[in-house]
Amino acid sequence: MTRRKTSGGRLFCADRSGTETANEKDEVFRVCLFANKQSRKTAETGCMYTGREEESEMQAIRVENLSKTFRVKRKEKGMRGSVKAIFHPQTEEIHAVNGVSFSVEEGEMLAFIGPNGAGKSTTIKMLTGILYPDGGRVEVLGVDPTKKRRQLAYQIGTVFGQKEQLWTHLTPYDNFRFFGAIYDLTERETEARIGELSERFALKEFIDTPVRNLSLGQRIRCEMVAALIHKPKVLFLDEPTIGLDPVVKENVRELIRQMNREERTTIFLTSHDVGDIEKLCRRIIIVNDGQIVLDDSVEHLKSHYPNEHAADIGTHEREQEAAGSGDSSDVSLEDIIVEIYRSQGEN
Amino acid sequence: MNRLAKQDGIVRCMPWRKYTVIYRSVLLENLQYAANIAVGFFSYAVFIYTFIMLWGYMYQTPGELIAGYTKEQMIWYVMMTEMIWFGSSAASVAREVSTDIRGGNIAYLMNKPYHYTLYVLAKYTGGWSIRLPMYAMLAVVIGTALVGPLPRFPLAAVPAMALCVVLGLTINAVLKMCISLFSFWIEDATPFQWLYDKLLLIVGTMFPVEIFPETLQPLFKLTPIYTVCYGPAKLIVDFSPEKCVEILAVQAVYLLAGCGLMFLIYGRGVKKLYVNGG
Amino acid sequence: MLTAVKNQMRVCFLSIKYNMMREMVNKVTFLTNVGFMVLNNASFLVQWLILFRLRGDVGGYTFREIMLLWGLVAAAFGLSHILFARVFSLSDLIIGGKLDAYLVQPKNVLASVLTSATDVSAIGDLLYGMVLGLICSRGAGGFLLYLLFTVTGAVVFTTFALLLGSLSFWFVRMDLLQSQLVMGIVSFGTYPDGIFKGVSRFLLYVIIPVGMAVWHPVHVMTDFDAGMLLTVLGYVCALTAASVIVFYRGLRRYASGNLMEARL
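If you're matching them up, the sequences are chains S, A and Z in order. Take the first sequence: its position 296, counted from the start at 1, is 296 in my numbering, and no numbers get skipped. All you need for my numbering is the position in the second sequence, starting with 1, plus 1000. All you need for my numbering is the position in the third sequence, starting with 1, plus 2000.
Just so you know, the hints here were simulated from the structure itself, not pulled from any lab data. Being a predicted model, the structure only gives us computed values, none of them experimental. A couple of the hints might just be wrong.
[Unchecked claim] The following residues of chain S were derived to be distant from chain Z, with all beta-carbon distances above 10 Å:
hint, residue
1, Q90
2, E105
3, G135
4, F206
5, Y341
[As the list claims (entries may be wrong)] Mimicking EDC-like on lysine to aspartate or glutamate, the simulated pairs with C-alpha atoms at most 20 Å apart in a straight line are:
hint, chain 1, residue 1, chain 2, residue 2
6, Z, K2107, S, D273
7, Z, K2098, S, D184
8, Z, K2017, S, D174
9, S, K163, Z, D2100
10, S, K302, S, D335
11, Z, K2006, S, E189
12, S, K163, S, E262
13, Z, K2107, S, E339
14, S, K204, S, E191
15, S, K148, Z, D2100
16, Z, K2107, S, D144
17, Z, K2098, S, E164
18, Z, K2027, A, E1072
19, Z, K2107, S, E164
20, Z, K2098, S, D238
21, S, K163, Z, D2092
22, A, K1071, Z, D2057
23, Z, K2017, S, E299
24, A, K1198, A, E1210
25, Z, K2107, S, E189
26, Z, K2197, A, E1072
27, S, K147, Z, D2092
28, Z, K2017, S, D144
29, Z, K2006, S, D144
Built from N, CA and C at the ideal position, the CB exists for glycine as well.
Given these sequences and hints, build the entire structure.
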């Protein structure tokens, strides 16, 4: 119990975790896990980033010891392998998500990142009810996505930068009306919401142009409006700025910030673009091999990590500018993330 | 005219080796997908089975002749025309040429050191070299099991029949290519492609020409039906050396004229592309 | 409950409407597609004219009955492909992991999937079927029966495809079997049942639902039989229930991620 308090109430509510065994609790609290021992200290202090101490804060997402294992068929190469696979099918277990625990406060903007294949999308799929977990618990807005997927769907929104949700031959306006219908909004509610959002996202000039004739920047704004039409409390953004030019990227980020500020939308962001993370999120979770390897505030990570890993980070850059100042605060977030990914890969 | 002759010259000087290489690569690629080809067997079998049932009903007494065909001959006729249709899949030629021209890919392909039309034909040949023998085997199995072998079938004439079938397949592809090449000028050649296919399918593959009203028969014999499906299939179910020579001669004429037309249209089309810049 | 159903219907209706709008963006292509499908179907008249020149009946059917049969297959095929075209490529969606998009929506997954695509040329099929139905069915009552069987036939097409497509949740390469067997309804259904005998006839009632989708209805229309009509209706309900159950069983498997191997 004491340990829970030290984490500033940011982790799990008492009534929920009270039923767990001591062992499980340990699992739950091993949120911050560095592979190498020297950094454990950083991790523990990093967990308690400042600014969110209030016990009363409601949690938008709670994940406890979440696990997902896929069974994949193994086949040896060539004809013989194919024949063998028929008679002696060999399977291999892949722990896509392996004991992940974290929670997200209502109104928080969280970056959930990791190298390709780290388990990010599997986690998102479990949070949105697309996949059922094998172990652990998920609660999004107090709802179990596994059991009440449709009920939850009314309260969350999703934007996938690489997948279009809009009908390209229709105008944004018709699209929004369609999504309004999907979320059971009345005509009047839909109209009001379209008016409000089109103003905020500056869609007025092209709201009656078919989506296929829009630029990528205009289109992603429309994608976001479509995802926001039903005032979701949690918004899952998967690579929202992929393929956009720097100006439009900045524009989209500003809109996300604004959404978060004005409607207190909780943002769950995955992106390979460090700019997105740096400019939007205060907190960052890095996953690798299905496990959380870091859960820290962006600010803390930037100021503390370089000091402890001065030797590892930016070695190449340093070699190039041999007479560099050596000031560790110059190290960019990108370098830090690359270094964390690399050190994980080695282990 | 001058330009055409020059182009012809290029074709003649070109080593044929490159087309055999193209042919072999497609052949090897298709070999790996032999299992996928077998899936089409189902449609073929359904079609043939229905026809066996249908003709089984239409022929009321054994030994009866309809339009000069016995029941076995009638069914083998359909099996052979359908074998050519399923085994060649000439639609792929039309699809490829249309997509290349409409998608603008042609601009890159026509400057390659081969003649585009022959390149497509080599690929097509690589495709049917696998499919056709597979369908031929299936046809023989279904035929001997459910219909019975053809009476007085001359085994010695099989090479001549095979030659006839192969020429028919090639003529079909050349003609379909000619239609597709019109995409240089018109938005979409699919309707014409469709009309040509319908002519072959409805008039050429389901029934032998003799079953149609007599006034129409000479007309049908002038169309590609005679060289592409009727000729080869008729030869297989009712072989005679005279008929074989006749069909081969007509096929030779069709092939030469078809290829000439194909080179002509292609040359014109490419010239138009150069003038208008695609 | 009632509002939920109403809202669901509204979404499905919008979905189908928008699908149609997409296809009609290019008017010429749209009309050509529809027109050529009508012509395509009409071209098979040649086959039947030839066959009836040879004999007065084919498989016990008159020319009018054959046209009734042909029209019914075309209309049912058309209706199912206009409204629920996606079900015919359900295997691709499942194997490609593309059901995710429907799972994050607060609507019925099956309904959303079914109505998410349309097939324009199918309008030509439906048109042709309706024309044949108007010409060949007996009186207003006959045509009403024809309409009813168009609907039941479309349901058989859709649910049979749903049943086979849903097997993709368990087995790979069901996409091929799905399209082959569904097209089997068309291939066999455009011929009279009288030419099939014994085992094959039995299989066409049991394995491929040609009998219940086409032949029984034609018999009811030519020689009304209430028992047969009820059999058809009962069969349609049973097939629908079975396919929906299998789909949701499979969806549970999808959500458990055991299909990942197919998606990796």
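Hints, one by one, checked against the model:
Every CB of chain Z lies more than 10 Å from the CB of Q90(S), the least distance being 12 Å, so the non-interface label holds. Listed as outside the interface, E105(S) is consistent with that label: its C-beta sits roughly 22 Å from the nearest C-beta of chain Z, beyond the 10 Å cut-off. G135(S), annotated as away from the interface, keeps every beta carbon of chain Z farther than 10 Å; the closest lies near 12 Å. Listed as a non-interface residue, F206(S) keeps its Cβ farther than 10 Å from every Cβ of chain Z; the least gap is roughly 18 Å.
At roughly 21 Å, the least C-beta separation between Y341(S) and chain Z is larger than 10 Å, which holds for a residue marked as non-interface. Among the hinted pairs, K2107(Z) with D273(S) is inconsistent with the structure: their alpha-carbon atoms are about 33 Å apart, more than 20 Å. Under the criterion of a C-alpha separation no larger than 20 Å, the hint pairing K2098(Z) with D184(S) is inconsistent with the structure, at around 24 Å. With a C-alpha separation of about 11 Å, the suggested pairing of K2017(Z) with D174(S) holds against the 20 Å cut-off.
Pair hint K163(S) plus D2100(Z) holds up; C-alpha atoms about 11 Å apart against a cutoff of 20 Å. For the proposed pair K302(S) and D335(S), the alpha carbon gap of about 10 Å is at most 20 Å, so the pair holds. With a CA separation close to 17 Å, the supplied pair K2006(Z) and E189(S) stays within the 20 Å bound. For the hint linking K163(S) to E262(S), the alpha-carbon distance of about 27 Å lies beyond 20 Å, and the restraint is violated.
Distance restraint check for K2107(Z) and E339(S): the Cα-Cα separation of roughly 43 Å exceeds the 20 Å cut-off, and the hinted pair is therefore not satisfied. As the CA atoms of K204(S) and E191(S) are separated by approximately 14 Å, the hinted pair is consistent with the 20 Å bound. With a CA separation close to 16 Å, the supplied pair K148(S) and D2100(Z) stays within the 20 Å bound. About 17 Å separates the Cα atoms of K2107(Z) and D144(S), which keeps this hinted pair within 20 Å; it holds.
Between K2098(Z) and E164(S), the direct Cα distance comes to roughly 12 Å. Compliance with the 20 Å bound is thereby established for this hinted pair. Distance check on the hinted pair: K2027(Z) and E1072(A) sit about 48 Å apart at the alpha-carbon level, beyond 20 Å; violated. In summary, the hint linking K2107(Z) to E164(S) is supported, as the alpha carbons are separated by about 19 Å, within the 20 Å threshold. Between K2098(Z) and D238(S), the direct Cα distance comes to roughly 16 Å. Compliance with the 20 Å bound is thereby established for this hinted pair.
Restraint check: the Cα-Cα separation between K163(S) and D2092(Z) comes to about 17 Å, which is no more than 20 Å; the hinted pair holds. Restraint check for K1071(A) and D2057(Z): the C-alpha separation of about 18 Å stays at or below 20 Å, so the hint holds. Between the alpha carbons of K2017(Z) and E299(S) the distance comes to roughly 50 Å, so the proposed pair goes past 20 Å and is violated. For the hint linking K1198(A) to E1210(A), the alpha-carbon distance of about 18 Å falls within 20 Å, and the restraint holds.
With a C-alpha separation of about 19 Å, the suggested pair K2107(Z) and E189(S) falls inside the 20 Å cut-off, and the hint holds. Proposed proximity of K2197(Z) and E1072(A) is supported: the alpha carbons are some 19 Å apart, at most 20 Å. With a C-alpha separation of about 26 Å, the suggested pair K147(S) and D2092(Z) falls outside the 20 Å cut-off, and the hint is violated. Among the hinted pairs, K2017(Z) with D144(S) is inconsistent with the structure: their alpha-carbon atoms are about 34 Å apart, more than 20 Å.
A distance of roughly 26 Å separates the Cα atoms of K2006(Z) and D144(S); the hinted pair therefore is violated under the 20 Å criterion.
Against the hints set out earlier in the document, violations occur for numbers 6, 7, 12, 13, 18, 23, 27, 28, 29.
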